[in-house]
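Protein chains: 2
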Amino acid sequence: MPDKSLDVVAVGNAIVDILTQSDDAFLSRHALKKGAMTLMEAAQAEALYAAMGPGVEVSGGSAANTIAGIASLGGRTAFIGKVRDDQLGTVYQHDLRALGVEFPTKAATQGPGTGRCYILVTPDAQRTMNTYLGAAVELGPSDIDPALVARAKVLYLEGYLWDRPDAKDALRKAADAAHKAGTKVAFSLSDAFCVHRWRDEFRKLIQSRVDILFANETEITALYEVNSFDDAVPLVRKDVEVAALTRSELGAVIVHGDKTEKIAAERVAKVVDTTGAGDLYAAGFLSGYVQGKDLANCGRMGAVAAAEIISHFGARPETPLKDLMKKKLGATA
Amino acid sequence: MPDKSLDVVAVGNAIVDILTQSDDAFLSRHALKKGAMTLMEAAQAEALYAAMGPGVEVSGGSAANTIAGIASLGGRTAFIGKVRDDQLGTVYQHDLRALGVEFPTKAATQGPGTGRCYILVTPDAQRTMNTYLGAAVELGPSDIDPALVARAKVLYLEGYLWDRPDAKDALRKAADAAHKAGTKVAFSLSDAFCVHRWRDEFRKLIQSRVDILFANETEITALYEVNSFDDAVPLVRKDVEVAALTRSELGAVIVHGDKTEKIAAERVAKVVDTTGAGDLYAAGFLSGYVQGKDLANCGRMGAVAAAEIISHFGARPETPLKDLMKKKLGATA
Numbered sequence: 001m002p003d004k005s006l007d008v009v010a011v012g013n014a015i016v017d018i019l020t021q022s023d024d025a026f027l028s029r030h031a032l033k034k035g036a037m038t039l040m041e042a043a044q045a046e047a048l049y050a051a052m053g054p055g056v057e058v059s060g061g062s063a064a065n066t067i068a069g070i071a072s073l074g075g076r077t078a079f080i081g082k083v084r085d086d087q088l089g090t091v092y093q094h095d096l097r098a099l100g101v102e103f104p105t106k107a108a109t110q111g112p113g114t115g116r117c118y119i120l121v122t123p124d125a126q127r128t129m130n131t132y133l134g135a136a137v138e139l140g141p142s143d144i145d146p147a148l149v150a151r152a153k154v155l156y157l158e159g160y161l162w163d164r165p166d167a168k169d170a171l172r173k174a175a176d177a178a179h180k181a182g183t184k185v186a187f188s189l190s191d192a193f194c195v196h197r198w199r200d201e202f203r204k205l206i207q208s209r210v211d212i213l214f215a216n217e218t219e220i221t222a223l224y225e226v227n228s229f230d231d232a233v234p235l236v237r238k239d240v241e242v243a244a245l246t247r248s249e250l251g252a253v254i255v256h257g258d259k260t261e262k263i264a265a266e267r268v269a270k271v272v273d274t275t276g277a278g279d280l281y282a283a284g285f286l287s288g289y290v291q292g293k294d295l296a297n298c299g300r301m302g303a304v305a306a307a308e309i310i311s312h313f314g315a316r317p318e319t320p321l322k323d324l325m326k327k328k329l330g331a332t333a
Numbered sequence: 001m002p003d004k005s006l007d008v009v010a011v012g013n014a015i016v017d018i019l020t021q022s023d024d025a026f027l028s029r030h031a032l033k034k035g036a037m038t039l040m041e042a043a044q045a046e047a048l049y050a051a052m053g054p055g056v057e058v059s060g061g062s063a064a065n066t067i068a069g070i071a072s073l074g075g076r077t078a079f080i081g082k083v084r085d086d087q088l089g090t091v092y093q094h095d096l097r098a099l100g101v102e103f104p105t106k107a108a109t110q111g112p113g114t115g116r117c118y119i120l121v122t123p124d125a126q127r128t129m130n131t132y133l134g135a136a137v138e139l140g141p142s143d144i145d146p147a148l149v150a151r152a153k154v155l156y157l158e159g160y161l162w163d164r165p166d167a168k169d170a171l172r173k174a175a176d177a178a179h180k181a182g183t184k185v186a187f188s189l190s191d192a193f194c195v196h197r198w199r200d201e202f203r204k205l206i207q208s209r210v211d212i213l214f215a216n217e218t219e220i221t222a223l224y225e226v227n228s229f230d231d232a233v234p235l236v237r238k239d240v241e242v243a244a245l246t247r248s249e250l251g252a253v254i255v256h257g258d259k260t261e262k263i264a265a266e267r268v269a270k271v272v273d274t275t276g277a278g279d280l281y282a283a284g285f286l287s288g289y290v291q292g293k294d295l296a297n298c299g300r301m302g303a304v305a306a307a308e309i310i311s312h313f314g315a316r317p318e319t320p321l322k323d324l325m326k327k328k329l330g331a332t333a
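The listed protein sequences correspond, in order, to chains A and B.
Going by our numbering, the first residue of the first sequence is number 1, and it counts up by one from there.
Going by our numbering, the first residue of the second sequence is number 1, and it counts up by one from there.
Keep in mind that a hint or two might mislead.
Pairs count within a copy or across copies, as identical chains cannot be separated in the list.
[Claimed, not checked] Here are the simulated lysine to aspartate or glutamate pairs, DMTMM-like style, with alpha carbons at most 20 angstroms apart: (1) Lys327 <-> Asp23; (2) Lys327 <-> Asp124; (3) Lys322 <-> Asp23; (4) Lys33 <-> Asp23; (5) Lys259 <-> Glu241.
Source of the hints: derived by calculation from the structure; they are not laboratory data.
For clarity, every value in this text was computed on a predicted model and none was experimentally measured.
Whole structure, please, built from the sequences with the hints as guidance.
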């Protein structure tokens, strides 16, 4: 890894999560896609909020959750994403800065409020996400500072950003700045429906600009339009340097050149809410990666971080992950 | 119990809790009173927020937590308390109304924002609360509708309100309306420091207007200025019809006329955050009371509700308490 003053800089949607307990009957009554992330307009989101149960608010956003996890593991991080200068935006900025994350993006002073994700958690601990992007849509290329990107060992991008043309340009600008500066580009496929919307562009991006790919089983099979996980592995092997492919309780498969590492999932006493499982897996993995750990240890760190996040409501760690990692993995972490 | 369309109506400070993990070193560095509720001005609260870790936001307020618990147990409830028409106020209104709570108090359209309580949870699961009352201070007698109070079997008041002269007048107005309508008046001492501030007025209020008193050990000994819990029991017995006195892991003592019931605490696998333990105890107890249960069963319901709330972050139930109560207590609940 080149000598850099930051471990990871991420670009993502800045979103406050509003989580509530729900059930399958509510999901079908409101025609919500279980397990998916669905974009909503303001009026639609308000109607859903009015119908849903009491909530817990926690800062979220996929890439930001990953950054919060890396910071909680002691990493040096920065985040680029757009909030509005309102109460939820203030909370959002606080929650990243309190972890020592550099968060230079200026809050919007007009336009829609800070973005929100209404998350319905069912008794099986599955989360169904309904996002009103709000101010997050204002993120554009002018928010990307190539000098900030150049300071990091890894640039981390979330697939969700692809839903907005301006954000797409911002991502390309960030990826180009990364490659000029010897910064690795990591990308998360985010969501199977997001992959369906942007399959061709995602494939081009991955082949031309991505070094490290994060995906779960449904996302990677959607990307390559194959029927089984095993069929996707040789395809992703050709496209990227490293792929970390997660399979929930089946653990994860790390693909690197002609090597393949299988890592068991970490046991969890009670799975409460799977929101952020993939984000925190990426946090653990990348923390190991920037420290130069071997890929099996990176995978184990991902598993431990993911296990913490699914044991409680919300996608931000409730325990300093650095301490947890030492307890679980000892000297290897 | 008279035939009424509501079980419990409560008056309290409408406050959004912002909870974070902290440690004793942080508390002493910021000269915070561990375990207490301390009032803060806006600038002081902002400085504390800037120094504290990332948070989780959950609607709170002592009496409102009790009302949320009663609603979660299937009770018919109403809440009187003041928010501002801002994002946190919208969240606050949502969280009560989503439980079926009547919440008729109009949000303030000017003045300070919705009140916040910055809660530092230490590794011993103790919570240290620092409150910026914000819009909650605007609550006054004009917010009390005697007809609403008259519809309830029980009026529940929190001691915290005593810190504001206008709120004090509102409480007296509500208590008078209750007595005219055959509505029992329940009162929570809230906090030992609050008792120290208002001891004489609390004693007068309790002797003249309170039927059911909730207090923990430090609060009841502070009220009567006695050195031991056992010395407080005969004194409170003379002052109120029913007193429910909680002693954390030692369980609770219910005093009623010449009877005394001792109820064991409910076992909890892991105590995460004691915020709201007393509030939810009152919720369980009053739910039993309005259903005409005997006081031992009221006490058991209080213990079960308190055990749920201390097993996670935040003072609002994460599980429908009605289902939990059936599982734990069966036909008696």
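Classify it for me, Lys259 with Glu241: is the Cα-Cα distance of at most 20 angstroms met within a copy, between copies, both or neither? Cα proximity of Lys259 and Glu241: one copy only (11 angstroms, versus 75 angstroms across).
Status of Asp23 relative to Lys322 across identical chains (alpha carbons, at most 20 angstroms): For Lys322 and Asp23, only the inter-copy Cα distance (16 angstroms) is at most 20 angstroms; the intra-copy one is 34 angstroms.
With identical chains, the pair Lys33 and Asp23 could be close in the same copy or across copies; at 20 angstroms between alpha carbons, which is it: within, between, both, or neither? Classified as within; 13 angstroms inside a copy, 41 angstroms across copies.
For the identical chains here, do Lys327 and Asp23 meet the 20 angstroms Cα criterion within one copy, between copies, both, or neither? Close across copies (19 angstroms), not inside one copy (35 angstroms); limit 20 angstroms.
Identical-chain pair category, Lys327 with Asp124, by Cα at 20 angstroms: Close across copies (19 angstroms), not inside one copy (28 angstroms); limit 20 angstroms.
Of the numbered hints given earlier, the model fails none.
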